[in-house]
Amino acid sequence: MGHGSGGRLTSQLIEERILPAFRNPALEALDDQAVLDLGRGSRIAFTTDSYVVSPIFFPGGDIGSLAVHGTVNDLAMGGAVPVALSLSLILEEGLPLADLERVIESARAAANAVGVPVVTGDTKVVGHGSGDGIFINTSGIGVVPDGLELGSAHVRPGDQILVSGTLGDHGIAVLAQRQRLELEGELTSDSAPLHGLAQALLVACPGVRMMRDPTRGGLAATLVEVASRRRLGIEVAEAALPVKDAVRGACELLGLEPIHVANEGKLVAFVPEDGVDAALAALRDHPLGRDAAWIGRVTSDRPGTVVLRTPVGGMRILDLPYAELLPRIC
Amino acid sequence: MGMRPSVYRLASALELGGMVRNELGSVWIEVEGPQDRVSAFVRDLPGSLALPARVDELEASPLAPLGEDRFVIAETLTGAATAPPAAIPADLGPCDACLRELEDPDGRRHRHPFINCTSCGPRYTVVRSLPYGRERTAMRPFTLCDPCAREFEDPADRRFHAEPSSCPTCGPRLSFVHSVSDERAFGEEALSAAAKALRSGAIVAVKGAGGFVLACDATRDEAVAKLRERKHRPHKPFAVMGRDLAALEAVALLDDDERSSLRSPERPIVLCRKRDGSPLSSRVAPALGDVGVFLPPTPLQHLLLADGPPLQVMTSGNRGGAPIARTNDEALAALHGIADAFLLHDREIEVRADDSVVRMIGRERAPIRRARGFVPDSIRLPVDGPPLLAVGAGEKNTVCLAGGGRAWLSPHLGDLDHPDVLEVFREAIARLSRFAGIQPTAVVHDLHPDLRSTRWARESGLPCIPVQHHHAHVASCLAEHGRTGPVLGVAFDGTGLGTDGTMWGGEILLADLQRCERIAHLRPLPLAGGEAAIRQPWRLALAALLDAGESVNRLKWVGPRLEPARRILEHGSPPLATGAGRWLDGVASLCRLREEITYEGQAATELESAASSCPPQPAFAFDFTGTRIDLRPAIRELVRELDRGVGVPVLAARFHATLAAAIHVACRRARDEGGPSVVALTGGCFQNRRLSDEATAHLESDGFEVLHHRLVPANDGGISLGQAAIGSRLLAERPPGRSD
Ligand SMILES: [Fe+3]
Ligand SMILES: [Mg+2]
Ligand SMILES: [Zn+2]
Ligand SMILES: [Zn+2]
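Going line by line, the protein sequences match chains Z and A.
Final position of the first sequence in our numbering is 985; the numbers increase by one with none missing.
Final position of the second sequence in our numbering is 815; the numbers increase by one with none missing.
Treat the hints with caution; some may be incorrect.
[Claimed, not checked] Result set (EDC-like, lysine to aspartate or glutamate): computed pairs, CA atoms no more than 20 Å apart in a straight line: (1) K631(A) / D754(Z); (2) K779(Z) / D754(Z); (3) K349(A) / D330(A); (4) K631(A) / E839(Z); (5) K631(A) / E907(Z); (6) K349(A) / E324(A); (7) K271(A) / D296(A); (8) K349(A) / D319(A); (9) K349(A) / D296(A).
[To be verified] Footprint (simulated), chain A over chain Z, 3 or more residues, beta carbon under 8 Å: (10) 941 to 954; (11) 957 to 967.
No wet-lab data here; the hints were simulated from the structure.
Note that the Cβ used here is the ideal one computed from N, Cα and C, for glycine as well.
Start from the sequences and build out the full structure, keeping to the hints where you can.
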């Protein structure tokens with residue numbers, strides 16, 4: 656399989672090979688979390704995610720904090736208040752014990768900071784060569800407030816698109832570390848829990864249509880998914896995308912575009928036109944949303960397509976690559 | 076096209092009875108009379124036709140006599156049940172007779188910007204639907220006045236059924252708008268206002284044949300600089316239109332072939348050697364040895380050049396990779412802020428066609444961009460197959476429909492990443508399908524999954540036939556020569572996805588229209604940052620130095636990016652590319668010609684230009700073992716020579732000589748091992764005259780037959796034809812919808 660990059664092949668793999676085996680309404684929504692109606696008006700959000708990252712320690716975090724933040728964020732994007740987490744470890748023989756301790760401590764601190772307990776878990780050890788040091792799976796449940804309806808089904812033409820901060824920080828921090836780039840400037844993962852930021856946004860702008868944390872595949876993956884699933888057009892102003900100078904420089908070197916690079920502490924929100932000001936103000940008021948920005952809009956033109964408007968008046972179709980880094984220009 | 080009057084004249088001269096009738100895509104002629112005169116008719120017909128009529132195929136068979144003694148021109152037959160593919164005529168530049176008339180102060184059409192006759196004028200670009208006839212063109216709103224109608228009906232007249240015929244009384248009308256002053260003018264005054272604006276250094280958007288063009292005085296630095304700035308186009312060369320051949324001779328060194336190309340009815344842009352001390356602004360084609368020049372393809376442009384500056388930049392009227400503006404409204408919106416003024420008229424351009432570009436390479440007129448004047452002429456395929464569609468690659472794209480042994484190429488469409496170009500791509504497929512009467516039953520596409528054309532093909536619902544990029548290049552060259560192979564295909568270009576998941580582009584393939592075997596290729600270079608390495612050739616220089624074991628200190632001028640780029644090469648997993656274009660880019664950068672490019676192929680093109688002043692040079696050393704042409708010895712030698720202070724022109728020439736020698740060596744070995752002695756030179760690198768000429772000289776003097784492109788571009792603009800040829804061959808073997 657060459658399906659690991661989070662691009663087209665991954666979504667194809669899921670939709671063609673995995674989804675058909677389990678079809679049910681909660682799964683079919685393909686949101687980052689399933690919302691389950693327990694009757695008597697109470698709904699819970701349920702999510703699970705596995706974490707594989709190399710290297711496991713990177714500037715701004717490690718696989719332990721990442722595993723907590725990622726699952727908290729998947730709950731938060733559904734508007735849910737996190738209630739409890741599970742944590743499963745798959746350890747490769749030979750993993751230094753000090754590394755394991757560091758990861759566990761980091762996960763504990765992250766869960767503590769969010770105020771969500773790890774209530775169950777599991778540990779397996781696999782033989783040397785069968786793993787990449789450490790893999791972590793976390794699951795989480797959260798409570799969805801009454802009356803809250805979020806999801807791509809609610810997005811419509813005219814909606815505006817906001818992001819809560821700079822793009823690509825996590826992916827570039829990891830890549831720079833992996834390729835030993837030793838670049839000038841700060842390249843730190845943005846790994847952070849978004850439950851507080853999401854709640855602040857929902858309070859200020861109750862009309863929010865949907866939220867997502869654009870992780871693997873970057874903002875592009877989220878936008879392309881919404882556009883193609885809903886047959887809507889999306890226009891993004893390239894000049895409006897917030898990107899740190901150091902990240903921009905590293906992206907340029909690596910031949911990547913920040914919009915395709917993973918984030919671990921950012922959310923993208925689709926909001927109705929009249930909610931933009933309140934939503935932006937609420938995001939910017941929060942410490943994790945200081946660099947929040949308007950980046951584009953939903954249209955009825957070019958259904959199914961995300962278009963990037965370039966600063967010099969050009970336009971370019973934005974899509975998920977099948978084959979990362981394979982040049983298309985002749 | 077323009078067939079019936081000629082047929083009428085010949086039949087009448089031979090005193091034959093019968094009739095001539097246009098049918099969809101062909102002409103039906105019945106002649107009746109004594110055997111010898113009927114035979115004379117068949118014999119003389121092809122040679123008696125006025126331009127642009129020509130005979131592609133002539134079929135003659137006996138009919139029962141009807142006793143006709145008069146020859147008549149019958150109505151066009153429409154709606155035939157089994158309509159053969161239609162021949163839609165291409166646009167043609169003004170003929171000499173029309174140009175004389177245009178300048179005749181006593182004539183009815185003195186200075187009429189829309190003058191034409193059966194031998195010239197707009198065709199493809201004004202067609203709305205078939206069969207070709209005035210009612211189904213953009214001329215429909217213009218009712219012929221009485222004198223024009225009489226000419227139109229008179230079989231002896233030059234304008235007999237000249238569908239777009241008109242005169243100042245009944246034809247389209249010019250208008251002029253200044254974007255700042257809002258000054259407006261119409262007709263003759265519009266023309267003089269536009270000429271005046273151009274003389275004062277303004278940029279004027281002009282409604283051309285197949286789309287809007289942006290014009291400015293090509294001798295004024297500030298005008299050209301302004302156009303560059305507004306179009307965000309810092310270096311890519313502009314084409315220059317000249318009032319007449321004499322005006323062009325002042326800026327370009329022309330030979331007879333180039334002169335006749337310039338004058339040909341297709342009126343292409345011809346890339347010619349720049350003349351030293353020419354009045355052209357140095358900003359027209361910076362750092363290049365050639366300049367693209369052409370003569371006015373429309374009477375409107377002819378008048379504008381006569382009244383305005385005699386040398387004008389004419390570049391496509393678009394913004395940021397969008398399709399060329401077609402309607403007045405589109406132009407006014409898209410070119411707002413670029414054009415100071417607009418010269419418009421009220422005849423619609425129905426179909427876009429950019430200006431075509433050719434370059435004389437060896438003895439052939441090689442197309443660089445195939446559009447106005449050439450489309451939609453069909454190309455005969457060496458194989459017959461079921462109806463199919465080929466969608467090309469990604470850049471400079473064309474699409475091709477094939478069926479019944481013929482192929483119809485769309486004009487150059489542009490780069491498909493722009494959403495509006497993608498829309499034009501979809502329209503082009505639908506229109507070609509209507510015009511050629513072909514409903515495709517399969518679609519042929521490139522192997523690269525991320526090309527928009529590939530994605531479109533996969534979503535089309537048609538059975539898909541993937542074809543490797545360089546196999547398609549070779550097949551396009553075979554197809555246009557009516558060959559089926561096998562051939563030694565030298566496919567040298569930038570990058571195209573190979574069958575092994577790496578990027579190819581320095582390939583020597585043993586290929587026919589079905590199979591393709593990679594028998595030799597250039598050593599691959601790693602692309603630090605993928606596409607970024609193509610935009611920044613210094614990364615290729617770095618890769619080449621590291622690969623050759625040379626110090627990278629000589630690239631200190633790159634600055635702080637050098638070290639991290641080296642780490643990407645050492646610790647990342649950069650894609651590998653064998654492209655000859657990449658090696659040329661890397662060498663150009665080693666010679667410090669170009670650090671970053673602003674248009675495709677810039678570094679390699681500038682390397683060719685650097686070599687152009689230099690007589691033939693010996694090749695650098697290279698190794699050839701197994702299937703790999705190892706250029707590391709050449710890089711090492713080049714570095715030594717740079718250190719010795721040898722000039723860039725010599726080094727550029729030597730590197731070209733090296734690639735040519737490598738091609739020869741690889742082809743010779745293939746022939747020695749039983750391979751064919753025919754070589755096809757294809758891929759964008761063979762637009763490089765020096766490389767093409769040197770490789771051809773080596774090969775021909777060693778007894779090879781060498782095929783060059785002459786109908787479709789060697790670049791990716793020709794890919795769709797090659798795909799169509801391969802698809803036809805494969806489907807002729809098996810029905811669509813089934814895989815092996
Ligand atoms: Fe190519
Ligand atoms: Mg997730
Ligand atoms: Zn004429
Ligand atoms: Zn008239």
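Evaluation of the provided hints:
1. With a CA separation close to 40 Å, the supplied pair K631(A) and D754(Z) exceeds the 20 Å bound.
2. Between K779(Z) and D754(Z), the direct Cα distance comes to roughly 16 Å. Compliance with the 20 Å bound is thereby established for this hinted pair.
3. Between the alpha carbons of K349(A) and D330(A) the distance comes to roughly 12 Å, so the proposed pair stays at or under 20 Å and holds.
4. For a cut-off of 20 Å, the pair hint linking K631(A) to E839(Z) stands: about 18 Å separates their Cα positions.
5. With a C-alpha separation of about 19 Å, the suggested pairing of K631(A) with E907(Z) holds against the 20 Å cut-off.
6. Distance hint between K349(A) and E324(A) is fulfilled; the C-alpha atoms sit about 10 Å from each other, no more than 20 Å.
7. Our distance criterion of 20 Å between C-alpha atoms is met by K271(A) and D296(A), whose separation comes to about 18 Å.
8. Between K349(A) and D319(A) the CA atoms are separated by roughly 17 Å; this keeps the pair inside 20 Å, and the hint holds.
9. Only pairs whose Cα atoms come within 20 Å are accepted, and K349(A) paired with D296(A) is accepted, the gap being roughly 17 Å.
10. A stretch counts as covered by a chain when three or more of its residues have a beta carbon under 8 Å from one of that chain; for the stretch 941 to 954 of chain Z and chain A the count is 0, and the coverage is violated.
11. Beta-carbon proximity to chain A at under 8 Å applies to 5 residues in the stretch 957 to 967 of chain Z; the threshold of 3 is reached and the given coverage holds.
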